[in-house]
Amino acid sequence: MNIEELIENFEFLDGWEDKYRYIIDLGEKLPPLDAKFHTDEWKVRGCQSQVWLVPSKRPDGTLHFEGDSDAMIVKGLIAIVLMIYSDKSPAEIKAVAVDDIFAKLGLSEHLSPSRRNGLIAMTEKIRAYAGIL
Amino acid sequence: MYDVEAVRRDFPVLSRSINGKPNTFLDSGASAQKPQQVIDRIMEIYTREYSNVHRGSYLLSEEITSEYEAARKKVQKFLNAESEREIIFTRNATESINLVASTWGRKFLTRIDEVLISEAEHHANLVPWQMLRDEIGFELKIFKINDDGSFNWDEYRRGLGGKTKLVAVTGMSNVLGTIFPLKEMIRAAHDVGAKVLVDACQYVVHQKTDVQDLNCDFLAFSGHKTYGPTGIGVLYGKAGILEAMPPYQFGGDMVDVVTYQTTTFDEPPARFEAGTPAIVQAIGLGTALDYMQNLGMENITAHENELVDYMHSRLSEVKGVHEIGTAPGKGGVFSIAVDGIHPQDLAFILDKEGVAVRVGHHCAAPLVRRMGYESLTRASFGLYTNHADIDRFIEALHKAQTFF
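In order, the protein sequences belong to chains E and X. Here the first sequence is numbered in our numbering, starting from 5 and rising by one per residue. Here the second sequence is numbered in our numbering, starting from 103 and rising by one per residue.
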């Protein structure tokens, strides 16, 4: 599924309950991250729960990301973030308007300030990787 | 008869709806809500009475000074201290403990001494002693508690010895709700010649506190947890001990004679209140303590104990919920872990249901780890908590379980 499809699917969901059940489902389906990456080196600081994000560079120049969290809702949000950013070129990553996407998903109003900060921390980490890799 | 519904009407924020749901405020252990009486008092001061204390030779200043000092007397009465000179206003309990560490501690502790604290301390009564230990070189000993969170006399006695100079303990754990047998602990500490500091942040909120009966040497609490304003705390110290302590900070309002070269310092409590104090907050605290005492501390305790029993029985209905801290006679603090649900996820669903709880390590990370967790969800009671709050909390727990 890509992010456009997710936005379409989200349009059929009413209220925060259905949206978050869906997000939790996305988190449960996120491919597991190898336990060897569960270290400080791959941790995203600024999140209330533990979040790990691991980049790798593909031969075609795109960046692939894997992620994980110990909290399920956050894991679902990571799944969405990866849908937005993974397997894109650094230029594409920098061009992403993540706020617009979250507004289209109708998630902005349901995110607490601390969760929003965590999300910002994640996207900044991705943009930083896009700059150095 | 304790009329909790009448009490709730005194707290305007409780009638605010949260995410379209009733405000189920179960985080009073972190900070309590304020009654209208305190809010009004603060408004009145800023509207009609405000000026600086202890200096002006005009009506407003004289009036506010006597209000500020009357607040000190209210604290004295609240704690049953022998004299109002034993009451120092600080910013919060953390500053009260830091004050003792940096003045009494620096003057009287040496590298051959021991300071004894419990496993149940929150950071405010742990980190200042770690820092001072690193500076002075004394031994910081930590006595164990039981796995259910209850106090263990053998461990405590094992920790006490001829080298113990200070015992710094919580009166009531902010994570486990355990209430320590302070009076007997203090007697045992005095028997080996140690002084005792009580971190009473949670303790004073839930029961009558009598520093003369306890015979503690220091006691610290925060105004914002006793239904008063933020930015005001209290340090009680026995007069003789305070008199022997050097100042904490330096400046105006704490000096006796100042020349360009030398300064002599005022007597306690002024010696420890450098600069313009938190005037409005101190007076607001006095109003909050009046409020609690008008309800009656015994009545508050009885009301909260009944809620503790009710919470126990309701929690036991929910499958997969573990209560961390089940000491007999514990107070209204419930830390829980729920099978298969991360505390952050749980708090998210609870928040959507209008239920405010605290999540994380509760500024007591070593204690949460010692109980076998990294993070816990905590519901804590105040004098306005009612059965409906607990019912909504339990319903929200059930709902959260349908998500994960």
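One thing to keep in mind: the hints can contain errors.
Distance condition first, Cα-Cα at most 25 angstroms in a straight line; then the derived DSS-like pairs of lysine-lysine [unchecked claim]:
#, chain 1, residue 1, chain 2, residue 2
1, X, K265, E, K23
2, X, K265, X, K285
3, E, K23, X, K501
Since the hints were derived computationally from the structure, they do not count as laboratory data.
Hints, verified against the model:
1. X:K265 / E:K23: Cα-Cα ~61 angstroms, so violated.
2. X:K265 / X:K285: Holds, at roughly 21 angstroms.
3. E:K23 / X:K501: holds (15 angstroms)
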